[in-house]
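Student: One line per chain: the protein sequences are A and B, in this order. With the numbering used here applied, the first sequence covers 2 to 193. With the numbering used here applied, the second sequence covers 28 to 172.
Read the hints as simulated data drawn from the structure, not as lab findings. Worth double-checking, as some hints may not be accurate.
Said to hold, decoys possible - Which residues of chain A face chain B? A partial, calculated answer using Cβ under 8 Å:
hint: 1; residue: Phe11
hint: 2; residue: Tyr143
hint: 3; residue: Arg189
To be verified - Now the in silico label distances, taken between C-beta atoms and shown as ranges:
hint: 4; chain 1: A; residue 1: Glu14; chain 2: B; residue 2: Lys142; range: 22 to 28 Å
hint: 5; chain 1: A; residue 1: Gly104; chain 2: B; residue 2: Arg120; range: 30 to 36 Å
hint: 6; chain 1: B; residue 1: Gly125; chain 2: A; residue 2: Gly104; range: 25 to 31 Å
hint: 7; chain 1: A; residue 1: Ile188; chain 2: B; residue 2: Glu29; range: 32 to 38 Å
hint: 8; chain 1: B; residue 1: Lys81; chain 2: A; residue 2: Asn29; range: 26 to 32 Å
hint: 9; chain 1: B; residue 1: Thr76; chain 2: A; residue 2: Glu74; range: 42 to 48 Å
hint: 10; chain 1: A; residue 1: Asn79; chain 2: B; residue 2: Asp40; range: 42 to 48 Å
hint: 11; chain 1: A; residue 1: Asp67; chain 2: B; residue 2: Phe84; range: 23 to 29 Å
hint: 12; chain 1: A; residue 1: Asp67; chain 2: B; residue 2: Pro38; range: 25 to 31 Å
hint: 13; chain 1: B; residue 1: His138; chain 2: A; residue 2: Gly104; range: 36 to 42 Å
hint: 14; chain 1: B; residue 1: Asn50; chain 2: A; residue 2: Pro117; range: 36 to 42 Å
C-beta atoms are modelled at their ideal positions from N, C-alpha and C, and glycine is treated no differently.
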Amino acid sequence: MSHADLAKYFKTEKQMEFSTDFFTNAENYEVWDEIDFANLEEVDGENTFEIKAEDVTFYAEGCLDDNPLMTDEEYATNSPYGGLVPHPIFITTICFWCVGVKGKGNWIRTPGARNPGQVIEFYENFRVGEIIHVKMKPHDRYIKRGKCYLQYQMDAYNQDDVLKCRMYATLILPRTREDIRKFLKGIRGLED
Amino acid sequence: MEKVTFESVNPGDVLPPFTRSVNQETFWKYAVASFDYNPLHNEPDWVKTAAPFKIPFTVGHGMMTLSFMTSVVTTWALPSMLHIRKMTSKFTRPVEQGWEVRCSGVVSEKHYITKGKNFVTVEVTAENQDGALLGISEMEVVFPD
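Kindly generate the complete structure, drawing on both the sequences and the hints.
Tutor: Pasting the structure below:
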């Protein structure tokens with residue numbers, strides 16, 4: 002679905018700006034068999050994410066959760082939390098935004114990638130007004146039942162460098178760049 | 028809603044379920060909410076031949092399913108100021124259009140550490156309307172006092 006067709010759903014500034022096309026530049030995404038596990042240096046994501054109320058409420062709307070602590074700013078402000086409480090899986094939105102298109106970690110955009118399940122640690126709730134940045138490094142790469150798994154540790158910090166959340170982002174990926182090219186042509190690029 | 032305390036929770040306690048119906052519109056809207064525009068979820072024409080799951084139609088995001096599963100716990104825990112500190116999850120089957128995703132949770136473990144660090148583990152499962160397992164998760168929930 003094109004950016005123009007998706008636009009009817011857009012409500013936030015970030016949604017209008019974000020690149021919805023996961024095909025463009027896909028040939029340059031990091032690839033399972035090319036990740037350098039000799040270099041485990043932590044790197045910064047491409048972008049920072051300033052959390053606005055609209056980001057929090059839209060995520061709840063998108064995952065069909067009508068909890069007023071997530072959707073009603075006035076209600077949440079008057080609650081013991083003193084403000085909106087993002088849905089925990091809002092970390093997904095933050096990671097996709099912060100990783101960006103051209104930098105390390107862009108393999109999470111790989112067309113045809115499958116999600117086998119995730120491990121996430123939460124240290125503090127995200128809050129509206131925080132500016133989040135993500136640091137990441139390769140964590141594991143393995144084959145299980147013929148599927149190629151890649152796992153990065155992605156740490157989300159606020160503007161004061163307080164660690165808010167750690168996600169061991171894991172996907173089943175095409176093994177080679179040629180496999181990605183197959184997917185770009187609409188041909189299955191997985192070996193299992 | 029009555030406040031949930033560490034003393035009041037016990038293994039075997041069942042949390043209120045969280046059930047949602049999904050279709051292609053749900054997948055598109057979740058893509059916009061999460062910035063996950065993998066064509067596996069968004070491009071019906073592409074998936075007919077590319078078929079990452081070996082099925083020729085789009086499926087829901089794993090993180091959408093995990094969001095539903097997490098909502099079982101947040102709906103129960105947030106009003107009592109409880110905090111999810113860790114979750115592990117595994118998806119066993121992709122979610123198809125027209126399905127109902129039924130998530131349920133049960134307290135499986137109670138950990139007596141010390142005040143402020145006591146926690147319980149909640150096992151959450153997601154099934155479709157026919158009882159097929161879609162995902163499982165364990166979520167650790169900490170009690171502040």
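Student: Hint by hint, which ones does this structure get wrong, listed from lowest number up?
Tutor: 2, 4, 6, 7, 10 and 14
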